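Sequences and hints are given; from them, build the entire structure.
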Amino acid sequence: MTRRTWGLFVAMGVIWGVPYLLIREAVEEVSPAVVVFARTAVGAVVLLPFAWRGLRAVWEHRWPVLAFALIEMVGPWFLLSDAERHITSSLAGLLIAFAPVIALVVARATGLEGRIGRVRVLGLVLAVGGVVALGGGGMEASGAWPVIEMLLVALGYGVAPQIAAVRLREVPPLSLTAVCLSIAAVISAPFASLTWPAEVPSVTALGSLALLGLLCTALAFLLFFRLIAAAGPSRATAIAYVNPVVALALGVALHGDPLTLLIGAGAVLVLAGTFLATRPSGRDGGPTPEGGRRTRSARAAT
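The opening position of the sequence shown corresponds to residue 1 in our numbering, with each subsequent residue numbered one higher.
Because the hints were derived from the structure by calculation, they are not lab data. Please note that a few of the clues may not be correct.
[Unchecked claim] Restraint-style ranges between C-beta atoms, simulated for each label pair: (1) L214 x W6: 23 to 29 Å; (2) W145 x A198: 24 to 30 Å; (3) V200 x E60: 41 to 47 Å.
Computed from a predicted structure; not experimentally measured. From the three backbone atoms N, C-alpha and C, an ideal C-beta is built for every residue, glycine too.
Shown next as structure tokens:
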């Protein structure tokens, strides 16, 4: 983890801690389908004019590209937007923190990671413990289904970067992102049209949708591709340990979510665990593709 890689890591941790609050604001006035369509359409419109040079590579890898779009964007974003109608943005961010655990298991099973050293295992344990502590602040969900939805989102976020690292190394990240966003926009458009709001949403809702598309989607994915290429897919998804802290801070500051000593201790554990989980130890067997051959476009949520 070089200084540049850490810079990307911190930037992504902050940028992808914001969507939970923005989605929560948006779903108060529009449907989950409209949220998904708006953020993907905005991102696609911004990026497509600059993506034409890599479209041939995208076509040559069309099936992995489609799989990536479905697993990283379409499925998780529908589930996330629906879940946030019933849970707080803070809790949504906390549940996403299990994505790195899933990513490590998948990477180990597929050979992208060698032996996971004790230092990184300790970091994962501390970070998960921090997430548990963060959840001790009275954050509740209205039923089990929203929690299941968020765990499915974490599953998608844990698996999709592996597809990018293994099957999409030769696809330029700008073109890949633009095409995936276009696919997601096309798929979500019919559902959005059926649930389109009868009245124009408020400035707050419209601003949230615009920021979701520009900052948390178009820019964020480009940065995330670079982070995967620099740190490997399992380490890159460790930003999910920072996202909860950002989501919690925004929830407390803007929505009055609870803040207790237990939550503060959890935040410290999350950050400490993130550092250890992304720090290579002497027994780590680094990522296979990235270790001997840097990917050209290895990347991926909210």
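To see whether the hints hold, each was checked on the structure:
no. : hint                    : result
1   : L214 x W6: 23 to 29 Å   : holds (24 Å)
2   : W145 x A198: 24 to 30 Å : holds (27 Å)
3   : V200 x E60: 41 to 47 Å  : holds (42 Å)
Of the numbered hints given earlier, the model fails none.
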